[in-house]
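Chain residues, written in single-letter form:
2 protein chains.
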Amino acid sequence: MKGSESLLATATAAGVQVCFANPGTTEIPLVEAFDQVPGVRAVLALSEGVVTGAADGYARMTGVPAMTLLHLGPGFANGIANLHNARRARTPMINIIGEHASWHQPADAPLASDIESLARPVSGWVGRTTSPASAAGEFAEAYRATLGQRLPATLIAAADHMWSQGGEPAAVPAASARPAVDDQQIAAIAKLLAGGSGRTALLLGGHALSAEGIRTAARIVATTGGEVLVERSPARIERGPGIPAVRSLPYFPEDVLRSLEGFSHLVLVGARTPVAFFGYRGMPSFPLPNDLKVRTLADTDQDAVEALRALADATGSAAAEVPSTERPQAQAPAGPLTAASIAAAIVLTQPEHAIVVNEGISSGAAYPAIAAAAPPHTELTNTGGAIGMGMPAATGAAVACPDRAVINFQADGSAAYTVQALWTQAREGLDVTTVICANSRYGILEAELRRAGVAEPGAAAASMTSLAEPSMDWTAMASGFGVPSSRAATGEELLAALRKAHAEPGPHLIEAVL
Amino acid sequence: MKGSESLLATATAAGVQVCFANPGTTEIPLVEAFDQVPGVRAVLALSEGVVTGAADGYARMTGVPAMTLLHLGPGFANGIANLHNARRARTPMINIIGEHASWHQPADAPLASDIESLARPVSGWVGRTTSPASAAGEFAEAYRATLGQRLPATLIAAADHMWSQGGEPAAVPAASARPAVDDQQIAAIAKLLAGGSGRTALLLGGHALSAEGIRTAARIVATTGGEVLVERSPARIERGPGIPAVRSLPYFPEDVLRSLEGFSHLVLVGARTPVAFFGYRGMPSFPLPNDLKVRTLADTDQDAVEALRALADATGSAAAEVPSTERPQAQAPAGPLTAASIAAAIVLTQPEHAIVVNEGISSGAAYPAIAAAAPPHTELTNTGGAIGMGMPAATGAAVACPDRAVINFQADGSAAYTVQALWTQAREGLDVTTVICANSRYGILEAELRRAGVAEPGAAAASMTSLAEPSMDWTAMASGFGVPSSRAATGEELLAALRKAHAEPGPHLIEAVL
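So the protein sequences, as listed, match chains A and B.
According to my numbering, the residues represented by the first sequence are 2 to 515, in order.
According to my numbering, the residues represented by the second sequence are 2 to 515, in order.
If you're looking for bench data, these hints aren't it; they were derived computationally from the structure.
Quick caveat: nothing in here was measured; it's all calculated off a predicted structure.
Hints should not be assumed to be uniformly reliable.
[Unchecked claim] If you want the footprint, here are the derived chain A segments under chain B, 3+ residues with CB under 8 Å:
{"no.": "1", "region": "42–49"}
{"no.": "2", "region": "319–326"}
{"no.": "3", "region": "363–374"}
{"no.": "4", "region": "391–400"}
{"no.": "5", "region": "413–427"}
{"no.": "6", "region": "498–512"}
[Stated by the list, open to error] Pair by pair, the computed Cβ-Cβ distance ranges are:
{"no.": "7", "chain 1": "A", "residue 1": "181", "chain 2": "B", "residue 2": "167", "range": "30 to 38 Å"}
{"no.": "8", "chain 1": "A", "residue 1": "485", "chain 2": "B", "residue 2": "500", "range": "31 to 39 Å"}
{"no.": "9", "chain 1": "B", "residue 1": "167", "chain 2": "A", "residue 2": "290", "range": "28 to 36 Å"}
{"no.": "10", "chain 1": "B", "residue 1": "352", "chain 2": "A", "residue 2": "469", "range": "26 to 34 Å"}
{"no.": "11", "chain 1": "B", "residue 1": "167", "chain 2": "A", "residue 2": "294", "range": "36 to 44 Å"}
{"no.": "12", "chain 1": "B", "residue 1": "167", "chain 2": "A", "residue 2": "463", "range": "53 to 61 Å"}
{"no.": "13", "chain 1": "B", "residue 1": "456", "chain 2": "A", "residue 2": "353", "range": "28 to 36 Å"}
{"no.": "14", "chain 1": "A", "residue 1": "470", "chain 2": "B", "residue 2": "403", "range": "12 to 20 Å"}
{"no.": "15", "chain 1": "B", "residue 1": "352", "chain 2": "A", "residue 2": "485", "range": "52 to 60 Å"}
{"no.": "16", "chain 1": "B", "residue 1": "42", "chain 2": "A", "residue 2": "469", "range": "14 to 22 Å"}
Glycine included, each C-beta is placed from N, C-alpha and C at the ideal position.
With the sequences and hints as input, model every part of the structure.
Shown next as structure tokens:
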């Protein structure tokens, strides 16, 4: 069989089911092979930022890596921003970059570039095919790396290695379990919680934010005292009536400092030490009160949920009841919209087991603030700060979970980066409801200008934060990409639009005018 | 003054007039400085592919580098594809990437990444600011590099170096002239042309495609025999009644081979040796007949126009009349559209001294085929093969030349990459007429599948080349970004739409349905 066919056969055997793609000429052998070796569903996107963001959203929901198919260095480069987010989310995926035929590479043809240099900053593993016969093995190596590292892996596949005969499927590596946390480490944290050494917060991040992780952590603090906190920008967090509501760390470092006041210890459970998103004058990089000691139960690689189970045993809280937290009520919004009323309208109308992809940016904090009032759901957020992840990740999540509604709570400025995702949503008939928080500005930049002491920006600075001239017509844009749409300027209109969108199949876009 | 102000003062003194920008928090000090140090016009774009493509189009038209302002690694990464094209076009520009404050960099905040690794493949020079006091000098170094190398230069500017006092404007380096070609080399080529060693083609590329370069080359071959050829995908080529029409090298290598049949020598004049865009089975990387000898008059760095002048002197053709070539007539198209009839409609309606940005891809060859019939104009093409350059480059060309009409002959698949450029066209009131060749498919991929022997693609392969389900509504998309639009399905409708677009100020989009 051809190298391309051996690669796809190996991918299928490994359980890879989806390839998000924007192919070019060097990927033609793989495009052809999709028909010869069925098993991997190819999903086309109009630009590579959609491809990689969709693969991120897909794997966050399934735990199974998707493939991406990208065209040489420049095509890959268009996907880097969302690969950056995937790297921060610890998302497995396998990027296949079609490269010039091996014998054509020295010719420095127009599309040639240093692909490795582009790929390394966002890949835990970068490799190249070396022959048709070895290509499947090299794919298997990428697969092993992405599962082991939980980072994107990138395989640069020369066109001739793909189109030539001589390929042989390779053995599929077994999925590697997360490394376990050492018993002594668990005992040490158990001792810390038992001893009267002050108030402790468990900071949950990564896969510790599963339903079981949150419940187990809540049991522990119900027994030992302290509080469960959530990292800012989780890759994925579960919420619902059976899962205690927990506080998230805020965005600005002075607010993080305030959140951590009164604690003596911060125990990291699959989370990193809180770091300021940006450096601000007079603020530290790590916004921690001076007397706060940071300890680690499980680092971001380790099996944090198993460590929590063991810690629950060690602290005698395994059999404790999961504390119930008061469930807030969302109020039906009326009149002109605010970020909070948009979030309330979403919460009041969202179907059970929805997936909420939150790239609200300056409006984004409104959703987690009221999310405990919502039916059981999963929230995905922007982990790396590279904007334009929301619409692609919603697309990938909908491919992953066709039986769940996907709601994309989406800032307008960020939406404008990867609006092309709407086309894939229309094409695949995905049940994504996009709610554009249309404030017609880069609200976060306005806030940052104020923080920098610029109370009244001059004309040039003001023009860099305004999206108002002209303001974008999101309903027209949705029509352009084949997605039904509506506009809502009041709470009542938004509730009606959301109910309609959820009642009908396929994608919808609602422009919520702020 | 602040570091940011010293940088802008130095840019202004150097003659930099425009900064295409998509700033974030780390660029706030420069956003602020646009008001404090007037002189550089900041032009906002909705995504970074538009920013870098616009800077490319701008500098191709002015010869003066624009600045770009980009947000950390991921923001820069979104601009890489069009920087790849700019690198292949030998376009000077200075990318300023706002980086985390110097003391915050070790904290590995969410947006941190290896910016150098991303920047090197598309930059001739990459540097970092080291202090507020030295930032302007580091900018001057980037400026010297971009003018000297005629490649993008990238300066990574730490936020604290920009916001802190202590900046001092730096001396502005003088523009460096292109290195001259050696007299002996000119004499050798003159001897070649004089001696009876067979037919010679002068292959013009880069800045040799100025009006003077083409005229001088045409004078030479009128005297010595031979032919003037044009490289495929020139960064910029001038055409008009006083400029002889010259043949372009075709796209596929077998066609290049045929074009070069019958020549004994190929003399490179600011052009590279012809290289196959992709490697194909049974085709060489360099599609040159076996008996063709390649010689160089001027390489891509050297002063090719001056070398042509000297060659004209040496061959006694300096005073020769510029040969007049027959000017074809474009026929007014009627009935259903084809790529050729779209090109004819453009040619028949285009204002004098228009700038035609050609990213027609599978329709693209139709324009140069009839362009000799058009009034005097400049054509810009996609030099690097990274698609999505057309709309951004048209935007930048219109900023560069407000008194010239810009026409963007644009494939639909490529347009979908950077359609966000329309918003900047609307915002700045730019006189760009975009003609979308809406064939609702990746036509070039269909052609490549056929070349690969796939006469009847299977369902999966066919779905990777089709943009038809749903087909995009380009008029709706234009409305979404604030650009007036129309749709034309026949030659008559297209002529009317083009006349209307040219008669009215500001941008227009015409969906030409194929």
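Given the hint of 28 to 36 Å, check if residue 456 of chain B and residue 353 of chain A actually sit that far apart at their C-beta atoms. violated, 49 Å
For the hint 53 to 61 Å, verify it against the beta carbon of residue 167 of chain B and that of residue 463 of chain A. Since residue 167 of chain B and residue 463 of chain A have Cβ atoms about 27 Å apart, the given range 53 to 61 Å is violated.
Has the region 319–326 of chain A got at least three residues whose CB is nearer than 8 Å to a CB belonging to chain B? violated (count 0)
Taking beta carbons only, do three or more residues of the region 42–49 of chain A come closer than 8 Å to chain B? holds (count 4)
Residue 500 of chain B and residue 485 of chain A - C-beta distance against the hinted 31 to 39 Å: Taking Cβ atoms as reference, residue 485 of chain A and residue 500 of chain B lie about 35 Å apart, which means the hint holds.
With respect to the beta-carbon atoms only, verify the hint that residue 352 of chain B and residue 469 of chain A lie 26 to 34 Å apart. Since the Cβ atoms of residue 352 of chain B and residue 469 of chain A sit about 31 Å apart, the hinted range of 26 to 34 Å holds.
Residue 167 of chain B versus residue 294 of chain A beta-carbon gap, inside 36 to 44 Å or not: holds, 37 Å
In this structure, is the beta-carbon distance linking residue 167 of chain B and residue 290 of chain A contained in 28 to 36 Å? holds, 32 Å
Stated coverage of the region 363–374 of chain A by chain B [criterion: 3+ residues, CB within 8 Å]: violated (count 0)
Starting from the range 12 to 20 Å, see whether the pair residue 470 of chain A and residue 403 of chain B falls in it by beta-carbon distance. holds, 18 Å
Does the Cβ pair residue 352 of chain B, residue 485 of chain A satisfy 52 to 60 Å? violated, 40 Å
Would you say the region 413–427 of chain A counts as covered by chain B, given the rule of at least 3 residues with C-beta under 8 Å? n = 7 at 8 Å, threshold three: holds.
Violation of the numbered hints given earlier is confined to hints 2, 3, 4, 6, 7, 12, 13, 15; the remaining hints are satisfied by the structure.
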